[in-house]
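> For reference, the chains in residue letters:
2 protein chains.
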Amino acid sequence: MKLEDLILVSVDDHIIEPPDLFANHIPTKWLDRAPKLVYNPKSKVQAWSWEGGASFAPFLNAVVTLPKEEWGFDPSTLHEIRPAAYDVDLRVRDMDANGILSSMCFPSFPGFSGYFFARAEDKDLAYACLQAYNDWHIDEWCGRHPGRFIPLALPAIWDPELAAQEARRVARKGVTAIAFSEDPPAMGSPSIHSGEWDPFFAACADEGLTVAIHIGSAFSGDNPPFYGKDAPVDVNVTMPCWNSLSCAAHLLTSKVLLKFPDLRIALSEGGTSWIPGFLDRMERHYENQKWTGWDLGKLTPTELFRQHFLACFICDPSGLLLRDRIGIDNIACEVDYPHSDCTWPESPEEIWRHFELAQCSDAEIAKISHENALKWLRFDPFQSIPREQATVGALRDIAKDVDLRTRSKAEYQSDYEQQHGAIA
Amino acid sequence: MKLEDLILVSVDDHIIEPPDLFANHIPTKWLDRAPKLVYNPKSKVQAWSWEGGASFAPFLNAVVTLPKEEWGFDPSTLHEIRPAAYDVDLRVRDMDANGILSSMCFPSFPGFSGYFFARAEDKDLAYACLQAYNDWHIDEWCGRHPGRFIPLALPAIWDPELAAQEARRVARKGVTAIAFSEDPPAMGSPSIHSGEWDPFFAACADEGLTVAIHIGSAFSGDNPPFYGKDAPVDVNVTMPCWNSLSCAAHLLTSKVLLKFPDLRIALSEGGTSWIPGFLDRMERHYENQKWTGWDLGKLTPTELFRQHFLACFICDPSGLLLRDRIGIDNIACEVDYPHSDCTWPESPEEIWRHFELAQCSDAEIAKISHENALKWLRFDPFQSIPREQATVGALRDIAKDVDLRTRSKAEYQSDYEQQHGAIA
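Going down the list, the sequences are from chains G and X. If you use my numbering, the first sequence corresponds to residues 1 to 424, in order. If you use my numbering, the second sequence corresponds to residues 1001 to 1424, in order.
For the record, the hints were derived by calculation from the structure and aren't laboratory data. As the structure is a computational prediction, the values presented were derived from the model and not from experiment. By construction, the Cβ of each residue, glycine as well, lies at the ideal position given by its N, Cα and C atoms. Some clues are possibly wrong.
Only some residues are given here: those of chain G computed to face chain X with a beta carbon under 8 Å [to be verified]:
(1) E51
(2) R168
(3) A171
Label pairs and their computed distance ranges (CB to CB) [unchecked claim]:
(4) X/L1031 - G/F226: 56 to 64 Å
(5) G/T300 - X/E1161: 45 to 53 Å
(6) G/G293 - X/P1224: 18 to 26 Å
(7) G/L3 - X/E1287: 42 to 50 Å
(8) G/A366 - X/A1366: 47 to 55 Å
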């Protein structure tokens, strides 16, 4: 196989939401009260605001093509960032330029499991806005370019029964993935051990929805990552990468997977390199510590893990080296566009280098690059796009004029103002 | 090389403290106020008690040779456990039976970084007891069998200046390792970033003391491991295994290692399998996120890690497979006697199996089995014990009569009462 023949599906990218997202999807009675992207001329910052408060991170780390010296936690306005972050037609062009066939996109201002919507006191309003968000995501963001986006719904994270209801609703619209929190108690919700989430997990298992748990999905303005008041920012930026480990430990040792043997979980941006040691540890613990009462019947912890978890990585050469200890059917790849960790526009080159380092076979490459993602997420892009048009080489061929250059925030803002007038 | 020719040094075992430990080492004026191992006839539990309160876990998980159905967090009295847990002469016999040349032993009732002593209001008393503990450990536990025990001192964890003073004192007695906490703020102490611990780190670097940071070294009765009120005990038992990851992230991104280039740190019971992915991540972060200001000069994060950290594992086949991505000079092995995770009496067989799985060369086996440990901990057992008497085969030859059988708590207690009379 050659790099040009790769078919790449990214199971983790991010939408930066455009200002008009609620306009076409929320019942008129709620429209005035829906979140709005508001510019504060004093602080020169935009934020999504409503009666539930302001968003924590509307443009979370959307720094793709900004010069590295302008990176940081967050740009301040939508106009300082690459328009493909929020414009789906441009996004598809950027996917073409990077050879990406299909992408699953997580939200930004709502938080990775929709916590923003939980913060309105009026829960009818909250649910109306959540539904509007999901409908916009499904019908507009994903609907405009068939085969290119794997729809990912948000749950009603404040209410397990309502989350189940929304899961069943979006499933009827053809959605096959729904987000969830890596740590519900950190958001003031019941834990996965409480049994209270069972209606939601039941709905996901019944309806064939993969539960996508992104690192940082328990973070919000109320619950920022915290590793000590004087810890370097490097600790705060790197440590959440291992949140999936603790999340997987909770799920694996819980009753949830035994109650719902069809439940599928994607550990989004969780990486893979920790998994071989995690499984070694869980096997040894299960074998040794019978007194705890953990009983998987005929399964081993590794078998249970492989039945339920899709491990997802942006860049994880050590994980690829030990792919046989993870499960060759349990690994998918990510781009993380437009965040600072994204590999755009050279995702194919980077993953190819790691495939070569790990001496992956063509069959293994096919599984990791797209087959596992499509199987776990029950998504078939080839209904819309013939295979020969789906490769890195074919997609890049139609995107030769995409501008890949680094541009400063000021340049993006100037472009925007020329097109749309001054920001207000 | 054959299994019998291995030389094995364990850099992590545990002492269960005998009742008379303070008797010979504390000034007479403090003797009455020193901690005492007290039996409560009502609860039938022994605990170390003094004016600072009672110990959290005096026999922490000391279950070696107990039948698995009697395992659990803790036996209740010293008499329910294998005497080699607290009797150093018997301990050496158990080391012989397991082919272990030398062992570094962490404390039990004081906590792995000596937090127990911090809890007395009278800090003169606290320091007197800490010194007595260290002197007992150095002179009695380690002193009776030259070459068999690598002395490990405890710091005055409540006071960085005093911790530095104690480090310099024990260094003069020939000690080359001192414990420290994986998370000082969790114990109410300043963080490593505050600069307040610099006098302690300076003393360790100057005096050639390796700082041994054991997983769980921030836990105590006041600060138990906590992963949610309804989490399975399996989560609480397994998750602390990755505490070293966060501890290493803090140290690696701190100013500490740059200020003290000679400082050596052992990540005790931290395992190794997370390290390749951790280093991949830190390299990528360092390369990408220049805005954070993390500046290692001419070093890379991996080079800095390899200069400062000894990674220590009990059982970690995935780590051995990627030893070249960790650093072949940075890995040492552990037995964890007498805890439930210990591999006694088959440590040589287990590690040999993993050496074979990873196809380690003889030179790599020599480094991991003992050379790295002895170099990092500056310990030379061969001054006392000739090499030909130091191998697994030679040690096991002199321990053929050691009783390896499983025995119940009741049997141990009955043996004890026959020898010493009823417990009081």
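> None of the hints should be skipped; say for each whether it holds.
We went through each hint and held it up to the structure:
{"no.": "1", "hint": "E51", "verdict": "31 Å, violated"}
{"no.": "2", "hint": "R168", "verdict": "27 Å, violated"}
{"no.": "3", "hint": "A171", "verdict": "29 Å, violated"}
{"no.": "4", "hint": "X/L1031 - G/F226: 56 to 64 Å", "verdict": "44 Å, violated"}
{"no.": "5", "hint": "G/T300 - X/E1161: 45 to 53 Å", "verdict": "51 Å, holds"}
{"no.": "6", "hint": "G/G293 - X/P1224: 18 to 26 Å", "verdict": "20 Å, holds"}
{"no.": "7", "hint": "G/L3 - X/E1287: 42 to 50 Å", "verdict": "22 Å, violated"}
{"no.": "8", "hint": "G/A366 - X/A1366: 47 to 55 Å", "verdict": "42 Å, violated"}
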